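Undergrad: Sequence:
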Amino acid sequence: MNAKAGPPEVLRPLQRTSAAPAWPCSVRLRSAGDQGAGTLQVLGWLAGLWLGAVTLACLLWLVLSPPTQGQVHPDEGPPETWGLGSSLAWEALGGEARQLQNDSCRLVLVESIPQDLPSVVGSPSAQPLAQAWLQLLDAAQESIHVASFYWSLTGPDIGVNDSSSRLGEALLQKLQELLDRNVSLVVATSAPTLARKSTDLQVLAARGAQVRQVPMGKFTGGVLHSKFWVVDGRHVYVGSANMDWRSLTQVKELGAIIYNCSRLARDLEKTFQTYWVLGAPKAVLPKPWPRNVSTHFNRFHPFQDHFDGVPTAAYFSASPPALCPAGRTRDLDALLAVMGGAREFIYASVMEYFPTSRFRHPPRWVGREPDGPGGWRPLLLRAAPGPSPLPPGPLSTPSPPLPRYWPALDTALRVAAVGRGVRVRLLVSCWLNTDPSMFPYLRSLQALSNPAANVSVDVKVFIVPVGNHSNIPFSRVNHSKFMVTEKAAYIGTSNWSEDYFTSTSGVGLVVSQRAPRTQPGVATMQEQLRQLFERDWSSRYAVGLDGQAQGQDCVWQG
Numbered sequence: 001m002n003a004k005a006g007p008p009e010v011l012r013p014l015q016r017t018s019a020a021p022a023w024p025c026s027v028r029l030r031s032a033g034d035q036g037a038g039t040l041q042v043l044g045w046l047a048g049l050w051l052g053a054v055t056l057a058c059l060l061w062l063v064l065s066p067p068t069q070g071q072v073h074p075d076e077g078p079p080e081t082w083g084l085g086s087s088l089a090w091e092a093l094g095g096e097a098r099q100l101q102n103d104s105c106r107l108v109l110v111e112s113i114p115q116d117l118p119s120v121v122g123s124p125s126a127q128p129l130a131q132a133w134l135q136l137l138d139a140a141q142e143s144i145h146v147a148s149f150y151w152s153l154t155g156p157d158i159g160v161n162d163s164s165s166r167l168g169e170a171l172l173q174k175l176q177e178l179l180d181r182n183v184s185l186v187v188a189t190s191a192p193t194l195a196r197k198s199t200d201l202q203v204l205a206a207r208g209a210q211v212r213q214v215p216m217g218k219f220t221g222g223v224l225h226s227k228f229w230v231v232d233g234r235h236v237y238v239g240s241a242n243m244d245w246r247s248l249t250q251v252k253e254l255g256a257i258i259y260n261c262s263r264l265a266r267d268l269e270k271t272f273q274t275y276w277v278l279g280a281p282k283a284v285l286p287k288p289w290p291r292n293v294s295t296h297f298n299r300f301h302p303f304q305d306h307f308d309g310v311p312t313a314a315y316f317s318a319s320p321p322a323l324c325p326a327g328r329t330r331d332l333d334a335l336l337a338v339m340g341g342a343r344e345f346i347y348a349s350v351m352e353y354f355p356t357s358r359f360r361h362p363p364r365w366v367g368r369e370p371d372g373p374g375g376w377r378p379l380l381l382r383a384a385p386g387p388s389p390l391p392p393g394p395l396s397t398p399s400p401p402l403p404r405y406w407p408a409l410d411t412a413l414r415v416a417a418v419g420r421g422v423r424v425r426l427l428v429s430c431w432l433n434t435d436p437s438m439f440p441y442l443r444s445l446q447a448l449s450n451p452a453a454n455v456s457v458d459v460k461v462f463i464v465p466v467g468n469h470s471n472i473p474f475s476r477v478n479h480s481k482f483m484v485t486e487k488a489a490y491i492g493t494s495n496w497s498e499d500y501f502t503s504t505s506g507v508g509l510v511v512s513q514r515a516p517r518t519q520p521g522v523a524t525m526q527e528q529l530r531q532l533f534e535r536d537w538s539s540r541y542a543v544g545l546d547g548q549a550q551g552q553d554c555v556w557q558g
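Numbering (UniProt numbering), first residue to last: 1 to 558.
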């Protein structure tokens with residue numbers, strides 16, 4: 001048997017050197033005896049000073065600028081994004097493709113449908129997530145790298161005895177069997193964890209799994225919220241599902257699996273490496289990240305290949321910006337680029353929609369207090385959630401902390417609808433834990449709709465009936481996080497509020513496919529995702545805002 005692969009190497013900043021080009025640093029001056037020597041000498045000295053300044057500027061630029069080897073930073077590049085307009089150039093595959101001739105990239109949509117949520121017979125569907133995960137593990141021969149918010153694969157993890165936990169328990173058993181066969185399992189998960197009673201990772205570590213708990217709050221102020229796998233450096237899963245048995249039977253999820261695609265798998269592995277580094281003892285956040293986790297696949301230069309014969313452009317995005325090495329497109333930029341390229345429709349399905357911060361609030365200054373003779377200073381009442389560092393002053397007015405207004409995605413939807421006549425549909429989850437303060441934002445967005453002005457904005461909430469599953473906490477919800485336009489599909493791991501893009505880690509997969517003329521009837525990825533969205537949108541579980549009670553209690557009325 002082969003020895004288990006070791007843990008991903010702890011990355012170290014690379015030494016960088018820069019050599020200055022040869023520049024003329026002096027000019028020849030005329031002798032003092034020449035006619036007009038004084039004037040020419042002054043001009044010569046001025047020219048010399050100018051050339052010296054240019055030389056110094058070039059030297060400073062070469063020394064201080066990090067070498068990028070042609071990679072494009074998310075903030076750089078052409079004004080038009082890839083694949084979102086008619087300017088996409090499908091490049092011929094070069095030597096890299098010839099070196100990886102064994103690659104035959106294939107992309108499959110996967111989903112979980114909660115038990116007792118019947119769909120219409122004959123309606124579109126994706127491969128069941130539990131089945132796809134087990135097949136992915138069957139294909140594993142060397143290594144499995146998993147990034148997940150938390151682990152809870154058994155009923156006892158949450159004190160529940162329910163038959164629907166069996167699929168999660170089968171998954172845990174399969175992972176143990178793979179470890180016994182010397183397939184390495186490497187896990188990056190968030191610390192502290194939500195699943196405080198779960199023993200899954202201890203069980204796996206006892207079999208040889210390598211686990212790092214990443215204190216993301218220490219580095220960015222958020223959590224590790226990503227959900228993806230990299231198997232054998234060839235196959236990947238990315239989507240909304242956590243390593244939780246409820247994600248297989250009690251929560252509605254959506255994701256994608258890419259098979260036999262080493263270049264994309266290796267690219268996503270670089271994001272895994274950023275988590276692994278931050279989970280090491282005494283880790284510090286690299287600034288900048290070393291070049292071996294940078295990428296040249298992004299929204300300006302996507303990976304291009306044929307997936308099952310279909311011309312495909314794809315790339316992975318990441319959040320927060322602090323975890324985006326050179327070349328990596330930020331998750332927010334990926335979403336905005338896909339929205340900005342839409343000319344016909346934008347359909348999005350998300351668990352939450354807030355054009356504000358949700359978990360970290362900016363310092364709030366209310367009132368004022370004396371500051372020296374005749375002076376005043378603003379009084380900080382409360383910062384991020386927690387007690388005030390200062391007692392209320394005599395002239396302050398007590399008030400709770402306010403979320404930060406964050407209109408990036410909300411504005412992009414409004415601009416698309418009003419400015420370009422794009423049809424916008426937003427499907428947002430509604431369940432027992434929904435914050436009712438979300439609904440005014442949804443109503444505000446829908447209020448834009450004006451058929452007479454060719455402005456179409458529709459919002460619905462998706463309610464999963466609880467039925468006889470009320471004994472299972474934090475379940476019966478549509479947890480999907482995806483968006484589709486006529487040009488591209490986005491599958492992510494983040495809810496739509498500020499924190500998920502500025503402080504919490506997440507990833508996104510952006511895919512754009514062209515229907516091949518030689519294969520009539522073949523559905524592109526964006527077409528498949530559109531069909532799944534419209535299935536949910538037209539189902540009886542999708543309820544218009546006007547059809548719900550004003551209180552929005554999110555209880556299925558049937």
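Any given hint could turn out to be false.
Stated by the list, open to error - Straight-line alpha carbon distances no greater than 27 angstroms define the calculated BS3-like cross-link-like pairs of lysine-lysine that follow:
1. Lys218 with Lys282
2. Lys218 with Lys197
3. Lys218 with Lys287
4. Lys197 with Lys174
Simulated from the structure, these hints should not be mistaken for lab results.
All of these numbers come straight from a predicted model, not from anything done at the bench.
Undergrad: Flag every earlier hint the structure violates by its number, smallest first.
TA: none
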